[in-house]
Amino acid sequence: MSKMLFGKKFTSYFIPFLIFCAVFLAFLGHNAFCDWEKWIGKEFVFREMDKCLQLYGYVDFSKTLDFSKTLNYKSYVGKRGRIIGVLNKEYLKVKLETGEIVYAYGEVPGHLSGVYFVEDYNEAKKLLGRFIWIRQDREKEQRLITKDENVSYPLKHLEKVKVFGIYTKLVGREIAPGLVKLRCHAPIQMPMDDTERKFVRFDMRHSYDESPFFLEVAKKGGVLGLIPYNRENFIEEDPYDLSGINKILITFGLKGFCLGMTLFEAEKVLKEKGIDYNLDFFPPSEWDKHGKWYIHFPYSLYLGDVADVADVVVLMEASPLSHIVYLISITSIVPPKKIEEFLMEKLGKPYKEFTIFGDKNMTWYKPGAKIDYSATKNEYSIFWITNEPLEEKSKKEAKELQSDLNKRGLKLEEWLKEQKVRRKQGFDIKQWNEQHKKEKSKAT
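If you use this note's numbering, the sequence shown closes out at 444, no skipped numbers anywhere.
There could be a bad hint or two in this list.
What the hints assert, rightly or not - With a straight-line Cα cutoff of 27 Å, these simulated DSSO-like cross-link-like pairs (lysine-lysine) come out:
1) K169 x K268
2) K63 x K125
3) K247 x K219
4) K349 x K219
5) K125 x K89
6) K51 x K38
7) K89 x K42
8) K169 x K93
9) K377 x K349
10) K247 x K220
By construction, these hints were calculated from the structure, which means they are not laboratory data.
Input sequences plus hints: build the corresponding full structure.
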């Protein structure tokens, strides 16, 4: 194992890099470059719209490539189409069920306004009658909207709701001449040459432009509403159940290491395996506002048979007070293609995959975790496994730690010295957690 991949110098560069990757991927989302060739053959349906939106028709579709006139609503609502070709890498050739040929232009890669793909609809049907968990880590807070513009309800991060239907209608309302609030589109302005109104403003409400339709869901207590169908907006498997992802980690060759373990338990495993490691605390920074513990060590990952071994660096991030591991990342300098093949074999087809500036990125959602992968061109790759409830707990503990430090008049450096002394004395973190819970319950 190269010394460049291990030790203090590595940590000072790697931790910020890992955080940057996470932020960068979140920023890109579906707005990364899209290979429309992959969409050839996909079928879609023109969506029904609220009355105030019908005037503008299907703004991403036209009978000609100049897009001076878009397809009108009444002639096409409910009709089906199939993408049959790509022109100039940005325009789509579409054949409708009537045999007519029209053209489409998607401003948001992988999404066409005013339609939904049959494939997405069939996937959504699998959720009917099931529970999903809301994700609130997007740029704008997600709310439970209703068909009434004036009625919506708050949603908590990881709140459990039940899916009972699919709502494909495009909803919105006119708030002024030429100004429309469309509750499933991002803010854009688009000239409409074939209408008296000069501009239509599509104003994001509680959703995102990539969402093809809504899921009808019920909160605890019977409150009903709509959430946009977008895998980034919810989790399909119980995020609090770590058994699924920890079984996957075993198949990765990480037997003994798991999400939800404490740093003490991780150290015990490392000592039993005779592996050297570094353990330290990463303070809040411009990259990440939340402090955390981390432990990293060199490891041998078997990519196939015993002879196919990759030297990697494993990093585990843990919460500041309870020391519980919520993220495990693996960095390798072997050819990224080998790591990608390894991940595809273990995890199957990724939910999201894109390449930007030559760097490949993939995302999987598995029971108990989100798995992200990023690789630079033929240099190195990194993939990280995150449990969101534990990550959220770590963020809360970071705030609690800062509050405790302020009350005690301690600097972070002084607190870290205390922690090191406790560790040498064989500090039992589980016992401390129990005591901490009792103290908090008495205070409340």
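Status of the hints after comparison with the structure:
1. K169 x K268: The given pair, whose Cα atoms are some 56 Å apart, is violated under the 27 Å limit.
2. K63 x K125: Measuring from Cα to Cα gives roughly 32 Å; hence the hint is violated.
3. K247 x K219: Outside the cut-off at roughly 31 Å; violated.
4. K349 x K219: This hinted pair is violated, its Cα atoms lying about 31 Å apart.
5. K125 x K89: 32 Å, violated
6. K51 x K38: Violated, because 34 Å separates the two Cα atoms, which is more than 27 Å.
7. K89 x K42: 17 Å, holds
8. K169 x K93: 24 Å, holds
9. K377 x K349: 21 Å, holds
10. K247 x K220: 31 Å, violated
In the structure shown, a violation is registered for the earlier hints numbered 1, 2, 3, 4, 5, 6, 10, in ascending order.
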